[in-house]
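Protein chains in written order, with the working numbering: chain A, 403 to 631; chain B, 403 to 631; chain C, 3 to 231; chain D, 3 to 231.
Among the hints, erroneous ones may be present.
Unchecked claim - Cβ pair distances, simulated, as ranges:
#1 C:GLY31 <-> D:ILE69: 28 to 36 Å
#2 D:GLU10 <-> B:ALA486: 29 to 37 Å
#3 A:GLU538 <-> B:GLY497: 39 to 47 Å
What the hints assert, rightly or not - No farther apart than 30 Å at their CA atoms in a straight line, the calculated lysine-lysine pairs in the DSS-like style are these:
#4 B:LYS537 <-> A:LYS539
#5 B:LYS539 <-> D:LYS201
#6 A:LYS537 <-> B:LYS564
#7 D:LYS201 <-> B:LYS537
#8 A:LYS537 <-> B:LYS537
#9 A:LYS564 <-> B:LYS539
#10 B:LYS537 <-> B:LYS442
Honestly, the hints are just simulated from the structure, not real lab data.
Quick reminder that beta carbons are idealized off the backbone N, C-alpha and C, glycines included.
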Amino acid sequence: MEKVFPSAEAAIADVFDGATIMFGGFASAGSPTTLILALKHKGVQGITGIANNIGIGDRLDDLCESFQLKKMVCSFAIRASSAAKSRFEQQYRQGLVELELMPQGTLAERIRAGGAGIGAFYTPTGVGTVVEAAKEKRTIDGRDYLLEYPLRADFAFLKAHKADRFGNLVYRYASRNFNAVMATAADVVIAEVDEIVEPGELDPELVVTPSVYVDRIVKGDRHVIRWYT
Amino acid sequence: MEKVFPSAEAAIADVFDGATIMFGGFASAGSPTTLILALKHKGVQGITGIANNIGIGDRLDDLCESFQLKKMVCSFAIRASSAAKSRFEQQYRQGLVELELMPQGTLAERIRAGGAGIGAFYTPTGVGTVVEAAKEKRTIDGRDYLLEYPLRADFAFLKAHKADRFGNLVYRYASRNFNAVMATAADVVIAEVDEIVEPGELDPELVVTPSVYVDRIVKGDRHVIRWYT
Amino acid sequence: MSSAGTRERPTGLTRELIAMRVARELRDGMVVNLGFGLPTLVANFLPPEVTVLFQSENGILGYGAIIQEDARFDQDRINAGGQPVEIVPGAAFFDSAQSFAMIRGGHIDVAVLGGLQVSEKGDLANWLVPARGGGSIGGAMDLAVGARCLVVAMEHVTREGEPRVLEECTYPLTAVAAVKLIVTDLAVIEVTPEGLVLKEVAPGLTAAEVQAWTGARLRWTDPVPEMRL
Amino acid sequence: MSSAGTRERPTGLTRELIAMRVARELRDGMVVNLGFGLPTLVANFLPPEVTVLFQSENGILGYGAIIQEDARFDQDRINAGGQPVEIVPGAAFFDSAQSFAMIRGGHIDVAVLGGLQVSEKGDLANWLVPARGGGSIGGAMDLAVGARCLVVAMEHVTREGEPRVLEECTYPLTAVAAVKLIVTDLAVIEVTPEGLVLKEVAPGLTAAEVQAWTGARLRWTDPVPEMRL
């Protein structure tokens with residue numbers, strides 16, 4: 403059960419063309435930049451990405467340099483302001499990449515359902531909006547809900563603060579975000595961390611992602627991302 | 403926003419006859435014994451209790467002394483072995499108290515849904531068993547699921563290790579169990595704790611129940627419960 | 003009523019004063035989520051006797067001031083707008099699924115969101131300008147359906163002088179019948195089951211003038227007081 | 003085949019030896035949940051070269067030996083059977099909703115449950131003896147549908163000599179078509195799409211004798227090996 407990999411390249415070696423990949427992170431917090439850049443270097447094509455955002459405080463937009471993305475599933479992709487357009491936005495406007503937008507809470511809950519064995523769930527979010535297109539609507543106790551299905555992926559790329567060799571993960575500040583849910587919902591879960599320690603060195607009360615969810619661990623490089631509106 | 407109450411009696415003063423009350427705990431771990439005994443002392447009647455268990459490592463069975471329970475919703479109530487019968491079991495067999503049994507994971511997920519604004523969800527648990535009686539069954543992606551609805555209560559009685567005055571809770575070992583989910587799903591959430599500290603004294607990375615969920619805090623008495631098979 | 007297009011835009015409050023007016027809606031002990039842009043400013047104008055906890059949907063309950071010093075920048079310690087923030091004593095961190103369980107489950111007292119259009123029924127449009135395409139939903143749809151009280155803070159009319167408060171929104175909706183209070187540079191308007199009620203007007207404006215810049219019928223009782231700042 | 007009622011019960015393996023045989027199914031790195039009673043004993047018989055993580059549905063991944071010393075008893079540090087347990091290095095704690103997300107979501111490699119009856123299709127009945135009434139579901143239904151591999155460890159026949167392995171269960175079911183392997187005091191039986199396959203027999207028994215104590219048709223290839231202990 404050795405989970406520690408010598409490099410990001412080794413940890414993602416079996417990522418294939420056409421893979422669906424979840425990327426943790428929310429803007430600059432908890433974004434798995436080392437793994438993303440290794441994916442860019444590896445050059446696999448036709449990726450469906452699932453992430454909260456692209457092009458805001460993350461390096462996912464780098465994957466657009468060589469047109470590696472086929473589709474993004476996310477809640478935040480096109481900035482409302484007249485700020486500089488991301489490569490993703492440019493490619494989206496040229497019809498070169500697909501975008502499936504959904505509410506952030508629905509995205510998080512669908513991923514949780516994918517990891518928790520829930521077949522589908524009803525959420526009030528999006529009722530009466532474009533989100534409800536083609537979805538089953540149901541009135542429960544006088545309130546309308548939409549039926550949403552689980553999301554899973556072939557791989558999840560995570561960023562955590564520390565891992566022990568078993569794969570337990572701890573995070574810092576607001577970097578748990580989508581990392582902690584995506585850890586549960588992919589066939590192969592790969593975490594880059596600032597530090598790898600021995601089992602027993604992490605306080606079990608502090609562990610956010612229990613080891614059962616993590617398949618591979620790699621020490622990440624330090625990438626500082628300064629991004630804010 | 404003063405949440406600290408001087409006594410368990412004061413903290414539960416407005417619990418009314420016929421109230422639905424969630425009780426945290428799993429056998430002896432994290433059971434809110436001080437609050438349960440205050441409820442016994444207060445003597446309200448017609449309670450619907452929601453808990454993982456009754457009569458195994460908890461003091462809920464004490465509520466049966468004066469027939470305070472109308473109904474229990476739980477996953478574990480009647481012991482399979484020929485061990486001494488609880489008062490609850492005796493009253494159940496005499497038809498004096500109702501019992502709604504459900505799978506433990508379904509109980510936990512229904513409570514989570516009640517706190518998370520989920521209208522209903524599909525679970526594979528219980529398909530083909532008595533649990534599916536009168537429930538909607540649906541095949542999703544080739545697998546059968548049952549539709550389950552959220553659970554909420556008028557009050558939740560919790561046991562945590564420490565609280566700060568804002569209401570943030572930390573637990574120890576296996577005592578999070580149902581406490582952490584029930585904290586989200588009742589109109590009035592009351593936590594007994596071993597120690598009350600000032601805001602800032604709990605590591606925010608360690609907080610399991612954020613303060614928003616907790617209405618009242620009281621320092622609990624120490625009740626040692628030794629129970630195991 | 004919607005033919006205001008050719009008139010000169012009225013002179014109303016600054017963005018800071020709009021934020022100051024919104025801040026007066028907040029009460030001690032509330033849990034508040036502030037959206038991108040204008041709503042963010044609300045945090046600067048809290049009365050000293052009022053302590054609220056700010057929730058950020060990326061996983062913080064209890065963030066404080068924006069950090070200006072470069073040396074203290076930390077990319078994991080950001081709010082949902084990507085801004086580096088202080089963490090206040092009594093804070094807690096959680097993941098995105100937990101954060102939106104908190105939001106969707108009705109645990110946020112007040113959400114303040116920016117708006118593009120609001121209808122007299124309280125429908126909100128704030129995620130997509132059709133002419134610009136793309137769009138970003140982010141947490142807005144969940145916050146709009148989940149917060150106990152939804153306040154929209156926005157300019158009363160567009161740059162071109164078109165009203166943003168309308169009988170029906172023409173932009174894609176964020177949520178239906180969700181907005182409780184509209185605070186603009188010209189007025190404070192309450193959304194009631196009987197329609198829009200003009201509660202306050204900006205200094206120097208009459209109720210009739212506000213009505214002229216509004217695309218839906220306002221009701222009011224003379225004299226309409228000036229906005230409380 | 004079910005007319006074994008009047009015969010003398012066969013002499014098979016002790017409970018400890020059944021547990022020892024189950025332990026041989028566990029591989030290094032597996033995550034394993036052991037049910038009440040007999041399954042609990044499996045932890046005592048792990049080969050020294052095999053390290054598994056034991057999950058307990060009350061919120062522990064990584065518990066160890068049962069604590070015997072009275073002085074070290076801690077009512078919050080118990081497994082799902084209520085027994086005080088050691089916590090191993092590399093453990094993690096979580097709440098009941100998270101625990102059953104882990105179980106239902108397919109993250110547990112092996113669950114070992116006790117059984118009352120198992121059918122040739124892999125149906126399991128283990129939560130209610132109809133004659134006794136009441137019953138307790140606990141985590142059994144979730145574990146049965148959620149674990150990747152469900153092993154049932156039980157006596158081959160009842161105290162009265164009635165077979166527990168049947169064409170159809172007569173007791174209320176825990177789960178349908180869930181059991182993969184049956185380990186009893188008389189045999190090891192695999193549940194396959196083609197029916198029950200007798201893989202091993204207890205020392206001193208023949209395949210035909212095991213068949214005589216079984217209420218469903220067994221298939222085997224001679225010679226059937228003795229149970230590996």
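Status of the hints after comparison with the structure:
| no. | hint | verdict |
| --- | --- | --- |
| 1 | C:GLY31 <-> D:ILE69: 28 to 36 Å | 43 Å, violated |
| 2 | D:GLU10 <-> B:ALA486: 29 to 37 Å | 32 Å, holds |
| 3 | A:GLU538 <-> B:GLY497: 39 to 47 Å | 41 Å, holds |
| 4 | B:LYS537 <-> A:LYS539 | 18 Å, holds |
| 5 | B:LYS539 <-> D:LYS201 | 36 Å, violated |
| 6 | A:LYS537 <-> B:LYS564 | 44 Å, violated |
| 7 | D:LYS201 <-> B:LYS537 | 39 Å, violated |
| 8 | A:LYS537 <-> B:LYS537 | 22 Å, holds |
| 9 | A:LYS564 <-> B:LYS539 | 42 Å, violated |
| 10 | B:LYS537 <-> B:LYS442 | 35 Å, violated |
Violated hints for the displayed structure, listed by number in ascending order: 1, 5, 6, 7, 9 and 10.
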